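Enquirer: One-letter residues, chain by chain:
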Amino acid sequence: MIELICASVLATVQDQGRFGSLKFGVGNSGAMDQLALAAGNLLLDNAVTDAAVELQVFPMRWRFHETTRFALTGADTRATLNGRPLPPWWVSRASRGDCLDLGRAVNGSRAYLCLPGGIDVPMVLGSRSTQLRGSFGGLDGRFLRQGDRFSAIRREDTGCVDIGVVPPVCSMPLGERGLTTVRVLPASEYACYHGASQAAFWACEWKITSQSDRYGYRLAGEPLLPKTPLEVRSHGIVPGVIQVPPDGQPIIQMRDAQPTGGYPKFGTVIEADLWRLGQAPIGTRLRFVEVTYDEAVAARAANQRWLQTVRRLVDVWAGRRLSA
Amino acid sequence: MKIDDQLIKQLSVLISERGIDLLELTTSDASLSLQRDTGGCSISRASVLLPSEVGSRAPTTQASAKGAGNYKLTTPSPGIYLDRHPLSTQPLVTSGASIEAGQLVGFLQISSLLLPLRSAEAGRVVSLPQEPGVTLGYGSVVMCLLTAGRS
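Heads up: the sequence lines are chains A and B, in that order.
Each step along the first sequence adds one to the number in this note's numbering, with nothing skipped, and position 287 is 287.
The number in this note's numbering is simply the position in the second sequence, starting from 1, with 1000 added.
Derived from the structure by calculation, the hints contain no laboratory data.
Check each hint, because a few of them may be wrong.
[To be verified] Which chain B residues face chain A? A few, computed with CB under 7 Å, are given here:
| # | residue |
| --- | --- |
| 1 | His-1085 |
| 2 | Leu-1087 |
| 3 | Ser-1111 |
| 4 | Ser-1112 |
| 5 | Leu-1115 |
Remember, predicted model here, so these are calculated numbers, not experimental data.
Note that the Cβ used here is the ideal one computed from N, Cα and C, for glycine as well.
Sequences and hints are given; from them, build the entire structure.
Expert: Here's what the structure looks like:
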């Protein structure tokens, strides 16, 4: 069991998401960096779909009330266990009474604290993700508070510790270092915009404004102007959709996006790159790169291959250690 | 497989030809450890443990070799030597630094996997003989340490 022993904001329990309920008006939720969550789970021999705690405001302190393995992935928070530094993207063992401290995040904005078998909270509509809008899922459908305690689902746990994985931002870099770059498919209303706006969208850097959160990122940059005023009926939207409200400043829908929206759709960040957005800090800049549908599918396959490699290597190393 | 003089000679030739720094072999009868000298031409250390000793050996992830007044940290597996985490711009240790037993001093990268290189002893770093990014074999020396008790 672990306990959050400091005041905190914006931390939630998340798994890979709640799928199949958009028709009921229930959004996907789920980890903003699904690769980091999956890698943390693989380091613990978990299913990639198991739930973890998503952390995004630091510093933060946790106390372990029993001996357990844990994995920490995502942003590098200069974590320490009882004052001893832990590498990022690493699986470790904590003893009863140990304190885990997470400092200011660098190289990303969200970290994932994973436990063996995942975090033990009730499954709601097929997922343990926190659905903030509906106030269900996760821990009572809310952000975590000081004093909250969680248990690991798998209490009898053996496996390797003190190994890590090379973060995907290093294994699968995209664009300039230090500038978040994501690949985008033009969407249904793309052709309705001026050529100059289309060109600016791909050429300019876009600032992630402070009005950005798990629901969506509001961007600031060259206004995107339609050739004629657009009236669009409300329609289904998913995470990654880039909408353009009348002021011309785009919004990217993120994991807690509502299932419908009425703004014109300029493009869609491909599923394979949503994790890059999830790690982009507020105030930093983004760049978009146009891709084809086939390239988007290939990018998703590359993510899956990366995860398969991590799974295989962890399995092999765990096997070697057990037979040593 | 029986560990005898002939096998040791054969393995000595093999590790010299293949550029292997350290070879450890465990059979049901005994355990053999062969270490190549720094010049790479001859065996500087050969040791055979009997069954009772084999049973008492704790499994280790990192082979180490002690000399007079120093400790050498060696790689537990083939892999790419890193002196820092891939996300970091600073090396974990530099020559002359004092380190504690158990301190992380580097990584060994095997594809997407990172293994820790931790010092088993406290002391002062004398040298870090490997270039970061180089691919190393099993048993390669990555750090030479003047141990705390002897400094």
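Enquirer: Flag every earlier hint the structure violates by its number, smallest first.
Expert: As far as the earlier hints go, not one is violated by this structure.
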